[in-house]
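Engineer: So the chains spell out like this:
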Amino acid sequence: MLTILFDGIAYGMLLFVLACGLSVTLGLMNLVNLAHGAFAMAGGYVLVILVNNLGVPFWVSIICAFFVSAAIGFVMEKAFYVHVYRKPHLDQVLFTIGLVFMSVAAADFAMGSSQVFARIPQALQGQIHVFGIGMGRYRLLIIAICGALALGLQYVLVYTRFGSRLRAAVDDQRVARGLGINVGNIFALTFAFGSGLAGLGGALGTEILGLDPTFPLKYMIYFLIVVTVGGTSSITGPFLASLLLGIADVAGKYYVPKLGAFVIYTIMIVVLIWRPQGLFARAANK
Amino acid sequence: MTEPTPTAKLAAQGILARARWHPLEFVFWIAAFSAIWLLPNKHLILTEIAWLALFALSLDLILGYAGILSLGHAAFFGVGSYAAALLAKHGIITEPVLALVAAGLIAAVVGFATSFLMLRGADLTRLMVSLGVALVLRELANKFSDLTGGADGLQGVTMEPILGRFRFDMFGHNGFAYCLIVLFVLFLAARRLMASPFGLALLSVKGNPLRARAIGINVDARLVTIYTIAAFYAGVAGGLLAQTTAFSSLDVFSFDRSADLLLVLIIGGTGYLYGGLIGAVIFKVMQDYLAVLTPQYWPFWIGLVLVVLVMVGRDRMLRWTEPVRTLANRLDWRAKGQGQAS
Chain A
1 MLTILFDGIA YGMLLFVLAC GLSVTLGLMN LVNLAHGAFA MAGGYVLVIL
51 VNNLGVPFWV SIICAFFVSA AIGFVMEKAF YVHVYRKPHL DQVLFTIGLV
101 FMSVAAADFA MGSSQVFARI PQALQGQIHV FGIGMGRYRL LIIAICGALA
151 LGLQYVLVYT RFGSRLRAAV DDQRVARGLG INVGNIFALT FAFGSGLAGL
201 GGALGTEILG LDPTFPLKYM IYFLIVVTVG GTSSITGPFL ASLLLGIADV
251 AGKYYVPKLG AFVIYTIMIV VLIWRPQGLF ARAANK
Chain B
1 MTEPTPTAKL AAQGILARAR WHPLEFVFWI AAFSAIWLLP NKHLILTEIA
51 WLALFALSLD LILGYAGILS LGHAAFFGVG SYAAALLAKH GIITEPVLAL
101 VAAGLIAAVV GFATSFLMLR GADLTRLMVS LGVALVLREL ANKFSDLTGG
151 ADGLQGVTME PILGRFRFDM FGHNGFAYCL IVLFVLFLAA RRLMASPFGL
201 ALLSVKGNPL RARAIGINVD ARLVTIYTIA AFYAGVAGGL LAQTTAFSSL
251 DVFSFDRSAD LLLVLIIGGT GYLYGGLIGA VIFKVMQDYL AVLTPQYWPF
301 WIGLVLVVLV MVGRDRMLRW TEPVRTLANR LDWRAKGQGQ AS
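Chains as they are written, first to last, in my numbering: chain A, 1 to 286; chain B, 1 to 342.
Hints in this document: simulated from the structure, not taken from any laboratory. A few of these clues could be false.
[Said to hold, decoys possible] Distance condition first, Cα-Cα at most 20 angstroms in a straight line; then the derived DMTMM-like pairs of lysine to aspartate or glutamate:
#1 A:218 with B:220
#2 A:218 with B:251
#3 A:218 with B:139
#4 A:78 with A:91
#5 B:89 with B:152
#6 A:253 with B:139
#7 B:206 with B:220
#8 A:87 with B:123
#9 B:206 with A:91
Kindly produce the complete structure, drawing on both the sequences and the hints.
Structural biologist: So, in structure tokens, the structure goes:
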């Protein structure tokens, strides 16, 4: 029972790191980015290549995964995404689906279509028992890293100058521009950072989520659930939403395996009908 | 009875002008029907084009005319497909045309039920809800494997001859004629519907829901209606697939299908009904060509087309149709003074 809760929390934390970048980009630029999973996949493959093929230590590879994905995100933002902000949602959907298809086929071409695993160090394998609860070390690590990240993000968002600019831009872009805040720059940075986090999540998640070329398609819906259920106006919303989703998914698969992902989708639809702005969001005014 | 005001007369003329047939439309349908005799060895792919065109037409009804962004349109396609296959397998309705109508109606019921979910929220919410509905249906089809065959697909379906006379042959000759006629009939209905005040009201809803409501249009009722109709169309398209292949699998609900469908419609252009039809032709030919070229990686090229389409701009990409249209307008003696009315 508690082990399930624990696994669910680990899974949820992972989802949070994967999806929080998406929530900011959606809130800030009203951009529907279905290709977010592609950046996560990039991070995962970076880890696999570095660890398995080049023998780089696990820790270094994870950090590399972050930076590579962030760099890809930054370049993509400057080169392509900039042009679609002002376009209708239909264009954004088409564009990002196009990116998903391309990334899936490209990953298939480069890495093969089978599922790959990264070799994780000995120290992280196995379980430790605390108060009779079996906890996987790797999952413990994920919770630690993701928890720290969530706290760090919350701190940056609430207490730093960049954070207040970001919040201002999310709240009302036009007024923020009028006050001399360079929204475009903030967005580029946030996008890159969000992509980096996705890459980090993808790298950490290779063990739990599995990594194959269809990753962006498979998890797209999960990211979107986190964002739509959690709302886009804060970090806490998506955080709680990811935890809920993670626990519900793990518990659902454990207790009622017959229903499969059915539970998640139904919950999502119900929440969206009940509160279209998200479960934890105040009523948006846009 | 009072004399109509000049504005009312103008409006009436405008509506009539929209309903008028353009010469190019005759050319299009003559070309389509002549394929029955001119391209006899291409009938299998032409059949696919025909049901895909109908499916895209159905998306056009909600996207191009009502402005509803859906990523789960495959839901209704799938329902129609399974309905048609199950009706035939269990011998409930053996005659294909009746079964097709029944499949469409079943899909329409599902569409009606889920349309209320689509009324709330902005684009993203709708997108998610439609996607969610398709996923839920897919899970259902997967779980009730006794009925649907689960992941293996529904096998052992035998189709009776159409109207008791025309058998589905393995070269797809009758299948193609059947699909094309269904497409044509439903197209006529859609065309009539969209040229009617109902269609115009829908367009106004797409343009600005708030203003549409202010001039007395019952926005929600219109959206529910068109969503249900579109679901019917999609269901019939799915039914055609099931009937011509005598098979139905989970694949009919897949996200890729909904996404591909968007591409089909976008290639052809939204909001003038022919977009889906033209898009279906281009898409299938392209897919066929690319699949031969790079069997495994053709989604890459599909993705590339999408990205390029958006980057260059959809309206700019579709400008190639303009010379054709102006030429046709010049030929059309009735179109004088109307300019780009089509």
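Engineer: Now look at each hint and say whether the structure bears it out.
Structural biologist: Against the structure, the hints come out as follows:
1. A:218 with B:220: violated, 33 angstroms
2. A:218 with B:251: holds, 15 angstroms
3. A:218 with B:139: Cα-Cα ~14 angstroms, so holds.
4. A:78 with A:91: holds, 17 angstroms
5. B:89 with B:152: holds, 16 angstroms
6. A:253 with B:139: Answer holds: residue 253 of chain A to residue 139 of chain B is near 13 angstroms, not above 20 angstroms.
7. B:206 with B:220: Within the cut-off at roughly 12 angstroms; holds.
8. A:87 with B:123: holds, 13 angstroms
9. B:206 with A:91: holds, 16 angstroms
The structure fails hint 1 only (numbered hints given earlier).
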